[in-house]
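Q: Assemble chain B onto chain A, guided by the hints.
Protein chains in written order, with this note's numbering: chain A, 42 to 160; chain B, -10 to 104.
Please note: incorrect hints may appear among the correct ones.
[Unchecked claim] Calculated pairs, DSS-like style, for lysine-lysine (alpha carbon to alpha carbon, straight line, at most 30 Å):
(1) Lys(-2)/B / Lys72/B
(2) Lys60/B / Lys46/B
(3) Lys59/B / Lys72/B
(4) Lys3/B / Lys44/A
(5) Lys(-2)/B / Lys60/B
(6) Lys46/B / Lys114/A
(7) Lys57/A / Lys111/A
(8) Lys3/B / Lys72/B
(9) Lys44/A / Lys46/B
Keep in mind the hints are simulated off the structure, nothing from the lab.
Nothing here was measured: the structure is a model prediction, and the numbers come from that model.
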Amino acid sequence: AQKITQTQPGMFVQEKEAVTLDCTYDTSDPSYGLFWYKQPSSGEMIFLIYQGSYDQQNATEGRYSLNFQKARKSANLVISASQLGDSAMYFCAMREGDAGGTSYGKLTFGQGTILTVHP
Amino acid sequence: DGGITQSPKYLFRKEGQNVTLSCEQNLNHDAMYWYRQDPGQGLRLIYYSQIVNDFQKGDIAEGYSVSREKKESFPLTVTSAQKNPTAFYLCASSPWTGRNNSPLHFGNGTRLTVT
Chain A
42 AQKITQTQPG MFVQEKEAVT LDCTYDTSDP SYGLFWYKQP SSGEMIFLIY QGSYDQQNAT
102 EGRYSLNFQK ARKSANLVIS ASQLGDSAMY FCAMREGDAG GTSYGKLTFG QGTILTVHP
Chain B
-10 DGGITQSPKY LFRKEGQNVT LSCEQNLNHD AMYWYRQDPG QGLRLIYYSQ IVNDFQKGDI
50 AEGYSVSREK KESFPLTVTS AQKNPTAFYL CASSPWTGRN NSPLHFGNGT RLTVT
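So here's chain A without its partners, still in its complex pose (with noise of 0.2 Å):
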């Protein structure tokens, strides 16, 4: 069974509207975080916003926000106005356990989804 399901293959958005990206996660273990990363046409992956599953309130950097519903196991990603950089492929991520663990830090990756911003 997949760990992190990325159901949008592609999204389209307009320049300067706020866009939603979802993420849905399977873990029985209840420390856990979720990570978000953009990966832009050149290959690198940089990290924009982290939550964790003990967390209270949803994350926040910048334009980007995180809509954390612990009891369907989402992690929707937030872009609030759309700028022509933020065209990309976006992927979510989980780490289980407690950072000590056996997990090794390791992350499991969604599939992604390509988001394409229009002017």
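A: Then chain B, alone, in the frame of chain A:
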């Protein structure tokens, strides 16, 4: 500036040849990782290492080998046993903070083409 260096950026090999991808970090991170990415796909974990002289198989380790003789270096060898080696390979590292919120820091990747 601290970072992760992967070399070369593009690599071409003939089928049946082993090839080693370099990954060096000067971030003083304990953990290092190798991921593979196929076109339009997500990242899949090949190998990872928490400390020197120790490494673990990831989800798709068959046909690959690694070594971790130094904290800064985590080279990946793609062997001739790997059935479909053409892919984009990403190396990453992470500090061992004891907390769950440390992101992975990635290199710029090596695009391997085997013909």
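Q: Could you run down the list of hints and mark each one as holding or not?
A: Going down the list of hints, with the structure as the test:
Proximity of Lys(-2)/B to Lys72/B is assessed by CA-CA distance (about 22 Å); at most 30 Å being required, the pair is judged to hold. Between Lys60/B and Lys46/B, the direct Cα distance comes to roughly 18 Å. Compliance with the 30 Å bound is thereby established for this hinted pair. Pair hint Lys59/B plus Lys72/B holds up; C-alpha atoms about 29 Å apart against a cutoff of 30 Å. This hinted pair does not check out: Lys3/B and Lys44/A have alpha carbons roughly 35 Å apart, beyond 30 Å.
A C-alpha spacing of about 22 Å is found between Lys(-2)/B and Lys60/B, which places the hinted pair at or below 30 Å, so the restraint holds. Proximity of Lys46/B to Lys114/A is assessed by CA-CA distance (about 28 Å); at most 30 Å being required, the pair is judged to hold. At roughly 29 Å between alpha-carbon atoms, Lys57/A and Lys111/A fall within 30 Å of each other, so this suggested pair holds. At roughly 13 Å between alpha-carbon atoms, Lys3/B and Lys72/B fall within 30 Å of each other, so this suggested pair holds.
Distance restraint check for Lys44/A and Lys46/B: the Cα-Cα separation of roughly 18 Å lies within the 30 Å cut-off, and the hinted pair is therefore satisfied.
Violation of the numbered hints given earlier is confined to hint 4; every other hint is satisfied by the structure.
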